[in-house]
Amino acid sequence: MELITEGLIQIAQTALVLALAPGLTGLVRWVKARLLRRRGTPILQVYSDFARLLRKKVVVAHNASWLFRLVPYLVFNAVWTAASLVPTFSTQLLFAPAADLIALIALLSSARFGLALGALDIGTSFGGLGASREMMIASLAEPAMLMIVFTVSLFAGTTHLPAVAEYMSQHQAFLQVSVLLAAIAMVIVSLAETARIPVDNPATHLELTMVHEAMVLEYSGRHLALIEAAGSLKLVLYLSLFCCLFVPWGIAHQAATPLDILAGLGIWVIKLAVGAVLLAVLETCLAKMRLFRLADLLGGGFLFGLLSVILMFVFGSL
Amino acid sequence: MLGFVLWGVLAEGLFGVVAVAGRRVTSIGTVIYGGCLAVSLSVALTAVLFLVQGGAPANDALILPIGLPWLHAHFRLDVLSAFFLFVVGLGGAAVSLFALGHSRHPNKHYPDPTRILPFYPLFLAAMTLVLVADDAFVFLFSWEFMSLSSWLLVLANHREKGNADAAFIYLVMAGIGTVALLFAFGLLAGVEGHYAFSAMRGAPHTVALATAVLLLALIGAGGKAGIVPLHIWLPLAHPSAPSWVSALMSGVMTKVAVYGFIRLTFDLVGPGQWWWGGLVMAIGGVTAVMGVLKALMQHDLKRLLAYHTVENIGIIFIALGLALAFGANHRPALAALALTAALLHVFNHSVFKSLLFIGSGAVLWATGNRNMERQGGLIHRMPGTALAFLLGSAAISALPPLNGFVSEWLLLQGLLFGPQLPQWPMKMEIPIVAAMLALSAALAATCFVKAFGIVFLGRPRTPEAAQAPETDRYSLTAMFFLAGLCVLVGILPAPILDLIEPAVRLLSGETMAGAEGTNWLWLVPVDAARSSYSGLAMLVLTALAAVTLSLLIRRYLSHGVRRSAAWDCGFPDDSPSSQYTASSFAQPIRRVFGTALLAAREEVTMPEPGDTSPARFEVRLTDYAWNWFYRPPGRLVLSLAEWTSVMQRQSIRRYLGFMFATLIILLMVGMSWN
Chain F
1 MELITEGLIQ IAQTALVLAL APGLTGLVRW VKARLLRRRG TPILQVYSDF
51 ARLLRKKVVV AHNASWLFRL VPYLVFNAVW TAASLVPTFS TQLLFAPAAD
101 LIALIALLSS ARFGLALGAL DIGTSFGGLG ASREMMIASL AEPAMLMIVF
151 TVSLFAGTTH LPAVAEYMSQ HQAFLQVSVL LAAIAMVIVS LAETARIPVD
201 NPATHLELTM VHEAMVLEYS GRHLALIEAA GSLKLVLYLS LFCCLFVPWG
251 IAHQAATPLD ILAGLGIWVI KLAVGAVLLA VLETCLAKMR LFRLADLLGG
301 GFLFGLLSVI LMFVFGSL
Chain B
1 MLGFVLWGVL AEGLFGVVAV AGRRVTSIGT VIYGGCLAVS LSVALTAVLF
51 LVQGGAPAND ALILPIGLPW LHAHFRLDVL SAFFLFVVGL GGAAVSLFAL
101 GHSRHPNKHY PDPTRILPFY PLFLAAMTLV LVADDAFVFL FSWEFMSLSS
151 WLLVLANHRE KGNADAAFIY LVMAGIGTVA LLFAFGLLAG VEGHYAFSAM
201 RGAPHTVALA TAVLLLALIG AGGKAGIVPL HIWLPLAHPS APSWVSALMS
251 GVMTKVAVYG FIRLTFDLVG PGQWWWGGLV MAIGGVTAVM GVLKALMQHD
301 LKRLLAYHTV ENIGIIFIAL GLALAFGANH RPALAALALT AALLHVFNHS
351 VFKSLLFIGS GAVLWATGNR NMERQGGLIH RMPGTALAFL LGSAAISALP
401 PLNGFVSEWL LLQGLLFGPQ LPQWPMKMEI PIVAAMLALS AALAATCFVK
451 AFGIVFLGRP RTPEAAQAPE TDRYSLTAMF FLAGLCVLVG ILPAPILDLI
501 EPAVRLLSGE TMAGAEGTNW LWLVPVDAAR SSYSGLAMLV LTALAAVTLS
551 LLIRRYLSHG VRRSAAWDCG FPDDSPSSQY TASSFAQPIR RVFGTALLAA
601 REEVTMPEPG DTSPARFEVR LTDYAWNWFY RPPGRLVLSL AEWTSVMQRQ
651 SIRRYLGFMF ATLIILLMVG MSWN
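In order, the protein sequence lines correspond to chains F and B. Each step along the first sequence adds one to the number in our numbering, with nothing skipped, and position 82 is 82. Each step along the second sequence adds one to the number in our numbering, with nothing skipped, and position 85 is 85.
Not one of these hints is a red herring.
To be clear about the criterion: a stretch of chain B counts as covered by chain F if any three or more of its residues have a C-beta under 8 Å from a C-beta of chain F, and this derived list gives those stretches:
#1 407-413
#2 422-436
#3 543-551
#4 554-563
Keep in mind the hints are simulated off the structure, nothing from the lab. Quick caveat, the model's predicted, so the values are computed rather than measured. The beta-carbon is built from N, C-alpha and C at its ideal position, and this holds for glycine as well.
Here chain F stands alone, though its shape is the one from the complex (with noise of 0.2 Å):
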């Protein structure tokens, strides 16, 4: 019966990542758009924009191996396997225990090695310069996220994801020193790792500014979709993953009644669209930052993740 009730659950979270990445994305641009005294375009305009890209054929350069064709499917599988591993509206998921929270953020890391390598192999400047710029932002993100990781798992004691959501519900969490910390970091890291303003612009196309879109700028058609779609996959997963560690408030646990996991997944969809809102004004009230001035910024994201691990070391939990 629990094996049946997480199953379905595991397809539930599979299913709505994907359906709800595209609409988080839209809500995002359209309040910035707002903010900017915009109409900016329908909040479903993204759904649209995906199934025009995944009808179009696909244009590829003469000189594109294999190896380009196969990232995109690469990228998206991983992302979207880490996202519908990430507890959002119930910690019963099949799947949890095949990754933890170490492995879940490795993964994220293979769709990055993926992505570098399809920029690089057409060889033109423009994928180098944004892989080159991407492993850089990346090299600098990943061990401050890692940190954030052993804070919240020294805290809850445990790598397991669901174990950690449930611990952080039930203990007054938002009071310890170091998980704020944590929080902090997590906040600039996500910046970094979903291609956010001040670290990169999601908007633009102007070669001194973008990193993610210059490493997909010879992708086209389904290609493109696939790995814009893992763009929009990243930001629901992180989200998810903030709320999950930092407000897990109104997820269903185990034993949780069909009616919990109803409302959990209402209080997550609100999660969602609070954390789009609040990333749009974020991102309305910062300019984009050079690019070596983001050392710092993810260089101070780092320090805040390794203070607050080794308060957690030390002091066991403050």
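Starting from the known structure of chain F, fit chain B onto it as the hints suggest.
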């Protein structure tokens, strides 16, 4: 079983003689490498058999009446040496297969085979012999033999620029290391001079003596493995040898060094102090970060790989330090977890580093160049090599679901138990070391995006790269064998963990909680509620989704591709030199980390306006290890030599005066003695 291993060593020794005797025979390479392949494979199988039988309660031991007249040679096979024999045998077999393939098509880029063939089997034999040695004399003899045979192999290409210097530095460092080990064994043997390991193991050692042994082991065995600051020889010597020897040196010989360190500190010295762990971990952390940063700055493919060996040795030493700290604090189960991580990483690194080095050998053979800036687009010309190299790159970058991730994941799980150590310095140190580990893993991924991306992707930068031929079937088989192991151990680590388990039990008295049992699918280091990982589940999940998705999209939405010119923002540039190079790829990292840690200085010389001379851009990197640890003693030795050389420039009268004075002094000494 020990007898079988020793027969294998003897056979390899004979191959060395055969190689000299049959140097005129054309197919001698096939015979030698084929023989080494067979012997290595059977040694590996013997080791597996030994381990599967649980190491047999009665250990294999043998005393042969050879060696020094008053000291018989002791040999013994226990579970620890059996595990390392497995690693050496497996690596040796794969590398010999590659060498077999390469010996069949002579190439102008390779040195004369007669300079390699006699020493290659001897090198393998020496490494095997180190692992079964059971007294200090046999150990040091085979250790030195290992150093010297590999030194001769580094010199195989002695006419190439820099190789002779690399070999000289290697020889000096190997000498220092052996001296350190000699002292370590001397201290352990005590005044009575019990050189057999069994006597050393039983004898009580004071803390001061044990600490001295640890430090000497760090210099001797650690230096051979390549810990900072003793790593300087490694990135010079490893790439200078022929590629398959580089693979052996980086993939296998450094593991023999790790074995030496484990044997000394975990087995012979006895229970350790908690701060040993702190020291070893700190060295490991610094080694990992500096190794990968230096690797990122290289544009010689083989040197890049050699620096990565330094990084991975750092990771292994972090795990060993953690095991020492847990062991000293009587947490045997956690020490077992850290040791499992260390030994699994030993295995993993030997697999993917051998793979990457022979892959670089295939590239070198195909394009005649080690410089990454002169490659590009090889994925089209060498699809098999590219796929194997890609898998190795992903594995060494610790990406799931490959094997490198499993060992680093286990190590991180071990580090998460750090708060259980009661000492305050350790509580401060472990988070910092964990951060260094995370940083080095992230930088390793960057480094291998660079290595694979610049060499195999993009457009060919030279005509040689555009015409590169795919390597032969033997070499491809060797590469795919190792790449297959990377995948297999990544998704199903249980069989390898079963082989590691007896050694871990021997050293820590415990075993990793999840290592035994019937659960082959899930990796559970301590407790299923705490953490678990299944590469297979993840792979199946992702692959299933990928296949379904691509089928659905192709069936219902769009299929087929149209080929066209690259888009490149509307201004595609035909010249391949417009691509990113290895140096430009690493430039952001160099600016962020290099300025402080490598003292990177960039110098741009722009000609005056109107001047047609080319602009110059120079990057200078400094290795602090050279400046701090090698230049001062070097200067001291030189100035001492200068000072004493005054004695050599005197007239004959002065020399006569010296002799007279010496005579007088001796007479006076002799008189006062009476």
